[in-house]
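Note that the protein sequences, when read in sequence, are chains A and B. The numbering of the first sequence is our numbering, which starts it at 741 and goes up by one. The numbering of the second sequence is our numbering, which starts it at 741 and goes up by one.
Derived by calculation from the structure, the hints in this document are not laboratory data. Heads up, some of the hints might be wrong.
Copies of the same chain are indistinguishable here, so a pair counts whether it falls within one copy or spans any two.
Said to hold, decoys possible - Here are the simulated lysine to aspartate or glutamate pairs, EDC-like style, with alpha carbons at most 20 Å apart: (1) 1009 with 791; (2) 788 with 798; (3) 745 with 846; (4) 745 with 845; (5) 870 with 845; (6) 742 with 846; (7) 812 with 765; (8) 985 with 1034; (9) 745 with 1011; (10) 745 with 912.
Number of protein chains: 2
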Amino acid sequence: MKFNKVLEGIQTYEAGKPIELVVREFGIAPENVVKLASNENPIGTSPKVAEVIRANADKAHLYPDDSMFELKAALSGKFDVGDENIIIGAGSDQVLEFISRALLDEKSSVLMSAVTFAMYEIYAKQMGAKIVRTASWEHRYDEFMEAYHMHKPKIIYICTPNNPTGDATSREEVLEIIEEVGNDTLIVVDGAYMEYASAKDDKYAITPKELLGYENVIYLGTFSKAYGLGGMRVGYGIAQPELIKALYKMRPPFNISTLSLAAAIEAAKDEAFVAKSIALHQEQIKRYEDFAKEHGFEYIDSYTNFITYLFGDTLDSTEVSDALLRRGVIIRNLASYGMNGVRITIGTAAQNDVLFKHFSEVIS
Amino acid sequence: MKFNKVLEGIQTYEAGKPIELVVREFGIAPENVVKLASNENPIGTSPKVAEVIRANADKAHLYPDDSMFELKAALSGKFDVGDENIIIGAGSDQVLEFISRALLDEKSSVLMSAVTFAMYEIYAKQMGAKIVRTASWEHRYDEFMEAYHMHKPKIIYICTPNNPTGDATSREEVLEIIEEVGNDTLIVVDGAYMEYASAKDDKYAITPKELLGYENVIYLGTFSKAYGLGGMRVGYGIAQPELIKALYKMRPPFNISTLSLAAAIEAAKDEAFVAKSIALHQEQIKRYEDFAKEHGFEYIDSYTNFITYLFGDTLDSTEVSDALLRRGVIIRNLASYGMNGVRITIGTAAQNDVLFKHFSEVIS
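In isolation and in its complexed conformation, chain A is listed as follows (with noise of 0.2 Å):
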């Protein structure tokens, strides 16, 4: 069978390595592994979601209800949108391969910063778009208007703040590049992590509500984070009806499960539970930039729930992530972005103190 042209192209996402990974490769009892790899919640599921779950767990056998009504009044009274400014996606990955698939072709190019989230790329390439890259890992309104002028890219993605780096770019900046780009681009503001972000300064917050003016700009925002779900697969993107329309010409239906559902509901009422997440996250990374002054690395500013240590030549983030793994710890390496360092969630006191301590044991 002949299969089209852009598969060839494509690799398929490495995610990071589950716990049952581990514990079938090295024999390591579950209770034992500390998984910091892929910014989960680490105080774990809201307790009031959790009881919405059992409470539906019964359930299973319904299709959700497909217009989401209960789920978009929610995030329209929080963010003051309309429910037509309002898609749902499996994740906000998911809005990203209707923005994707309703948008580019095999002509079309997508610009994005030299290191940020690899799901934009992934899905640009499905369709066999251009990927087109800043020099520099952070939002620079001079790289990006340099290359937008050179490329008329057909969408820019703004991640912020940044995934894998944890930088953030500052709401003035991300305005002005919105301000210079034409209708013809489309411009993802993605705020996974704004919820930590807007905590940390003022600065850097940016409300979907803002960015409606734009006929060309969608916020991606997600309950994968800050809210705790990311086993659920739900986030949204939130934009101009127009664009909203087009993107649900992409969207399969069922797209969020019945109990996924139910989840985000809750959730998106929890704001107790985001408030304690970001208190025990603020309280904790301090520790990890005090680990690695203590050790002489550098380590990026960050506006997310995780951190990136940088090595520069002290270290191989390779060697340091597979020794960690082998006692159990699990990381993220950043050697497949082109990165000498590694990206490490915030976790748990608990958790924090298992990571110090084979960290460094595995690098003395």
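Could you slot chain B onto chain A? The hints should help.
Same frame as chain A, now just chain B:
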């Protein structure tokens, strides 16, 4: 913004109406709504599966094992195939989407029967492919072969048993079609309702294993029907490794939620639940056949968990469906498929009692 041209030809899929909508629109209490529109399992969620969901409710923050090791092991055991023959989708729908995206473009065509599962057309149109249909809603060998030789379609869909008609194509006929078709065309054998057909008549039973001998055939199955997990969105495709690898390139990471994965692993083991579902079904469907005979309209002999009534010129399917909806009974009007008929899921004895009562009143 300029969207891809294919969007112009796409109509958004209209899902069966959810109970929530009837509650909202007609002010009927949820406990009084009977939904027999989406072929959900009337005996509900397996108690063993519900228990697993409850036990995993506090893992909603953790991403699933993206290798789906355990679920693949369960399926490879059940069907006597290898792990490398399996791809898991968010419903078998999503496997259809991967197939479409891996194979189709604006120059290709796809072949299906006159009335069949709506998503074949929708996913093909998303790729700009041309839709070719045979004259009959049954899968007739001669019609398929004539259209195949004329159009050389990239994909042929054989939905057996067929949805929304309920008829099935015998194993012998399916193999005849497969034998005649060249390797440049993929044949999709969609067995979403196969458990019901196999139980009714051996002649219609097709196993993934026997199709593995053909490099251009993929078998699709689902946990949504006999296994009672419609709301969890888990299905699978089984084929030779080269095809599976190609489809994997179109698979987004974490396409199954943590709870859906846990639920499907348990459901795959719970054959007693499937047997119980089928036994209830076989007992209750007789009542639907008798009801049709009693009221003088035709039905299609069903190999699925639903029955299709054909009204000819006696009744109007839209009037019947709307009248039932206002009484809180949701069935599927087939007018949008070009048929003056309705599709009704075989419910529990109590649900069927309600349906027959209202149906008799509505048409009297």
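Hints versus structure:
Within a single copy, residue 1009 and residue 791 get their C-alpha atoms as close as 14 Å, which meets the 20 Å cut-off; across copies the closest is 26 Å, which misses it. Within a single copy, residue 788 and residue 798 get their C-alpha atoms as close as 17 Å, and across copies as close as 10 Å, so both meet the 20 Å cut-off. Both within a single protomer and between protomers do residue 745 and residue 846 lie at most 20 Å apart by alpha-carbon distance, with minima of 10 Å and 13 Å respectively. Both within a single protomer and between protomers do residue 745 and residue 845 lie at most 20 Å apart by alpha-carbon distance, with minima of 12 Å and 10 Å respectively.
For the identical chains of this complex, residue 870 and residue 845 are neighbours both inside a copy (9 Å) and across copies (18 Å), given an alpha-carbon limit of 20 Å. For the identical chains of this complex, residue 742 and residue 846 are neighbours both inside a copy (18 Å) and across copies (15 Å), given an alpha-carbon limit of 20 Å. Proximity of residue 812 to residue 765 under the C-alpha cut-off of 20 Å is restricted to the inter-copy arrangement: shortest distance 17 Å between copies versus 42 Å within a copy. Within a single copy, residue 985 and residue 1034 get their C-alpha atoms no closer than 52 Å, and across copies no closer than 46 Å, so neither meets the 20 Å cut-off.
When the C-alpha separation of residue 745 and residue 1011 is checked against a cutoff of 20 Å, the pair qualifies neither within a copy, at 46 Å, nor between copies, at 41 Å. In this assembly of identical chains, the alpha carbons of residue 745 and residue 912 never lie at most 20 Å apart, being 41 Å within a copy and 35 Å across copies at closest.
Hint check: violations occur at hints 8, 9, 10; the rest are consistent with the structure.
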